[in-house]
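> Sequence:
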Amino acid sequence: MELIFSTEALFFVAATATIATEVLRSATALEIARSRGRHIAEIAKKLVLAPVHAETVV
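When the letters of the sequence shown are read in order and numbered with this note's numbering, they come out as residues 1 to 58.
Treat the hints with care, as some may be off.
So the derived label-pair ranges between C-beta atoms look like this [said to hold, decoys possible]:
1) T7 to K46: 52 to 62 Å
2) V13 to S35: 24 to 34 Å
3) A15 to A41: 54 to 64 Å
4) V48 to A9: 54 to 64 Å
5) S35 to S6: 54 to 64 Å
6) I19 to I40: 30 to 40 Å
7) T16 to R36: 41 to 51 Å
8) A9 to K46: 54 to 64 Å
9) A17 to H39: 29 to 39 Å
10) S26 to S6: 22 to 32 Å
These aren't lab readings, by the way, just hints derived from the structure by calculation. Since the structure is predicted, the reported quantities are computational estimates derived from the model, not experimental observations. In this text, a Cβ means the ideal position worked out from N, Cα and C, and glycines have one as well.
Required output: the full structure, derived from the provided sequences and hints.
Dropping the structure here:
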């Protein structure tokens with residue numbers, strides 16, 4: 001059995017692979033942003049809920 005790929009089919013495969021790669025990169029970047037966002041939110045919550053011990057300098 002002989003496989004013959006046309007130029008159009010090769011371009012389609014290349015375009016599909018490129019799109020899939022970009023989708024994966026976007027999903028990875030989104031997950032990193034979400035995890036960083038959660039981390040920042042946790043720190044902010046701790047700072048807001050932490051008791052304030054301030055000294056007043058006159």
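> Would you say the C-beta atoms of V48 and A9 sit inside 54 to 64 Å of each other?
Because 58 Å falls inside the window, the suggested range holds.
> Given the hint of 29 to 39 Å, check if A17 and H39 actually sit that far apart at their C-beta atoms.
At roughly 33 Å between Cβ atoms, H39 and A17 fall inside 29 to 39 Å, so the hint holds.
> Please test the hint of 30 to 40 Å on the beta carbon pair from I19 and I40.
Because 31 Å falls inside the window, the suggested range holds.
> Within 54 to 64 Å: is that where the Cβ-Cβ distance between A9 and K46 falls?
Because 56 Å falls inside the window, the suggested range holds.
> The hint says 22 to 32 Å between S26 and S6; measuring C-beta to C-beta, is that right?
Roughly 30 Å apart at Cβ, these two residues keep to the hinted range, so it holds.
> Given the range 52 to 62 Å, decide if the beta-carbon distance of T7 to K46 lies inside it.
59 Å Cβ-Cβ, so the 52 to 62 Å window holds.
> Using the beta carbons of A15 and A41, state whether their distance is inside 54 to 64 Å or not.
38 Å, violated
> Do the Cβ positions of T16 and R36 conform to the proposed distance bound of 41 to 51 Å?
31 Å, violated
> Given a hint of 54 to 64 Å, does the C-beta separation of S35 and S6 actually sit inside it?
43 Å, violated
> Just tell me: holds or violated, for the beta carbon distance of V13 and S35 against 24 to 34 Å?
Given about 33 Å between the Cβ atoms, the range holds.
The structure does not agree with the numbered hints 3, 5, 7 stated previously, though it agrees with the rest.
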